[in-house]
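A.B. asks: Chains as they are written, first to last, in my numbering: chain A, 1 to 372; chain B, 1 to 96; chain C, 1 to 65.
Simulated from the structure, these hints should not be mistaken for lab results. None of the hints are false.
Below 30 angstroms or equal to it, Euclidean Cα-Cα: the simulated DSS-like pairs (lysine-lysine) are: (1) Lys17(B) <-> Lys168(A); (2) Lys17(B) <-> Lys165(A); (3) Lys366(A) <-> Lys5(A).
This is what each chain is made of:
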Amino acid sequence: MSAPKLSADLLAVEDDLEVINALYHARGWTDGLPIIPPTPERVRRMLAWTDRDPESVLLAVPPRRGEATVETVAIAAVMAGAPPEAMPLLITAVEALGDPAFNLFGVMATTYPSGVLMIANGPLAEECGMHGGSGALGPGWRANATIGRAIRLLLINTGGGEPGKLDKSTLGHGGRFMYTLAENEQESPWEPFHVTRGLRPEESAVTILPAAAPHNVNDHYSASAEGILTMLLGTLLSVGSNNFFYDSEVVVFLSPDHAAVVARDGWTRADVQRAIFERGFLPMQCWSAENIHGRFRDKYPEQYATADAATTRIPLVRAPDRVLVVVAGGAGRHSATASSIGISRAVTRQVTRRDGRPAYSLSEFKPGGADA
Amino acid sequence: MSAIIHVFEPTAPYGRKEMAACRALDGLRGKVVGFIDNAKPNFNHMVDDLAELLVSRYGVKKTVKCTKRSPGIPAPEDILADVARQCDLVITGSGD
Amino acid sequence: MPVVLLCTKPFAALARATAFGLGLEQVPMVVITHPLAGIHDTDVADRAAEAYEQVMRVLTQGEGA
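Only chain A is shown next, with the shape it has when bound in the complex (with noise of 0.2 angstroms):
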């Protein structure tokens, strides 16, 4: 097969890692980390494991709107160091932010910090490297690390969202570099979460959304599904999440050891996101008095005009499955919840052939065929 032609322009630079970094970072090209030089050679390295048309646009990325397309997707990933083997769940997961209900426009043109928290299930993560065990969110995890940073990298050089220029998040968080895990689901004690989402097991597929930086669930003395539950509710009732104000979703990542706990009492992950949904509130009266004003009596005036701040509770969520469960990390008795924008919901994804059909091993991608 020949290779592609690629219609990105090129630059003629001095072969030298350091000037091209300085130059990169100079046009705000960067993440602020340094970045592998995207030569033709690695970028076609990196498109040899898709079998997208490369010159194929994704996604209009706001506020400028630029085209991102395959190619762009791949220079993108050679920047991020990512392992060529990773297109398949990249160009997914590109694909998802293009969702209406990901609302990409909002999560650009916002002050909010979120990171697109990107969660892979299924055979081809494992295959990929992808991993969802001790450390997950830390570092450590090539794929993990590499298809985040490429996910952030093509948002700021498509969409012109440069951090601080016209990405206006206010403080923003390390998941903004990057925020990319696959489910642990050799510990999870139920069925993997992208099957919750309508897929099957050996299916594969990336759910994206945005999200805060995770909260810590320190809990080590709870032995029940209870007593976790509580400590999950405790970190979760925050004031300062968006969730309070929208209906939309949070995420908890249960760690191996506080599921065991929970599934041993006999409670399913609908258990724990029902439980959360009816237990999640939080009265009025948490809120500044202006807040309380702004968000709840001036908002919604038919519902809480005249309502008595200390009586009057607030939901966290409105249904059960806006609360996304998520097994990972590793042995240990530390949880974490998120809080999400507000805006947008939690998209997934199937990773699918070119023609649509699900892709169910790495090797269907593979360059030269499954035999090669």
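Starting from the known structure of chain A, fit chains B and C onto it as the hints suggest.
C.D. replies: Same frame as chain A, but now just chains B and C:
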């Protein structure tokens, strides 16, 4: 001196279509001015003050005030249609 | 339909880029002092006066902020 290599720019072309420029407005006296409030704090109060100024000092005939459900979601079609039907000018808020 | 886009100063570049992305780079902009959230009523009135001056200038002279 290092060799020269070629590397790609990571940017993307802008595929948007430029809209036609808005028709010019011959002053505000006797006109109807619409406001689309982005629902950020205090924009509604500023709109009230600005509307009062436009009516009292510049002879605007009437103001129409609409509010989005949330800053991060576009104004719905029914609000846009209503404003387009009633107003000669729209002032809309963006940012904090 | 003539439109005037109003925002506070730190968001002007984003507003302009967003307008560009939508093919609306010619939309007149009014840029006022930041912030608008979390200020007292008298300061809100000052922001309105600031916006009024610019709206008049934009509409009568055809200049954006």
